[in-house]
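Enquirer: When you get a sec, could you build the whole thing from the sequences and use the hints?
Protein chains in written order, with the numbering used here: chain L, 1 to 113; chain X, 114 to 226.
If you are wondering where the hints come from, they were derived from the structure by calculation, not from laboratory data.
Any given hint could turn out to be false.
[Stated by the list, open to error] Taking lysine-lysine and the DSSO-like style, the derived pairs with C-alpha atoms no more than 27 Å apart in a straight line are:
| # | chain 1 | residue 1 | chain 2 | residue 2 |
| --- | --- | --- | --- | --- |
| 1 | L | 57 | X | 174 |
| 2 | L | 83 | L | 100 |
| 3 | X | 171 | L | 42 |
| 4 | X | 171 | X | 184 |
| 5 | L | 42 | X | 174 |
| 6 | X | 184 | L | 78 |
| 7 | X | 162 | L | 57 |
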Amino acid sequence: EPEVTQTPSHQVTQMGQEVILRCVPISNHLYFYWYRQILGQKVEFLVSFYNNEISEKSEIFDDQFSVERPDGSNFTLKIRSTKLEDSAMYFCASREIHSKGYTFGSGTRLTVV
Amino acid sequence: AQSVSQHNHHVILSEAASLELGCNYSYGGTVNLFWYVQYPGQHLQLLLKYFSGDPLVKGIKGFEAEFIKSKFSFNLRKPSVQWSDTAEYFCAVNWGSASKIIFGSGTRLSIRP
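Expert: Spelled out as structure tokens, the structure:
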């Protein structure tokens, strides 16, 4: 069964550093998403992306966050200057254009120290 | 604002007990409904989904859920739980033409062997 692949599985970074989280969505999917889950809390929507642009973003997705689809396969989330409170599990998801089903990746655990 | 409520934060059951986890969502027209499971240290996995048709949906691992439109509910059930069902369970909803899904706060299920 096709999978959404996320790398790395765990990243540790120092506060103030930039991080890039990578996702390879399922090949025929056209909608892409990033969610995050702070330890012990709910899964929160960050941003959705379609047709090479952001279609929706949450209040969490401020100027320090950006997303990009640099080529035909990768979908990245960049955090410019990480804060301690950015420590969380980040999930990527993708969806076919006419489907209502979402496929989630296994997540990247980001630890900011 | 659209919201998803899971009122049971932590449920503790013995093996073979029956399970029902509540999920309610705010009104917003047509909905697509999901239950995800997150085993300790793992990523989100889809248990079942409802888009239309029979309101009683059967999923993997013996789980089922019932969509009750009049109550804005989509409760998850399992007749007889096993120790391996210990996990966090998330209800998620997508409204109409919206792209993103919104998650409930999750219910932690602990099964006593």
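Enquirer: None of the hints should be skipped; say for each whether it holds.
Expert: Each hint tested on the structure:
1. L/57 <-> X/174: violated, 34 Å
2. L/83 <-> L/100: violated, 34 Å
3. X/171 <-> L/42: Roughly 24 Å between the alpha carbons, so the hint for residue 171 of chain X and residue 42 of chain L holds.
4. X/171 <-> X/184: holds, 20 Å
5. L/42 <-> X/174: holds, 23 Å
6. X/184 <-> L/78: Not OK: residue 184 of chain X and residue 78 of chain L at ~40 Å, beyond 27 Å, violated.
7. X/162 <-> L/57: This hinted pair holds, its Cα atoms lying about 24 Å apart.
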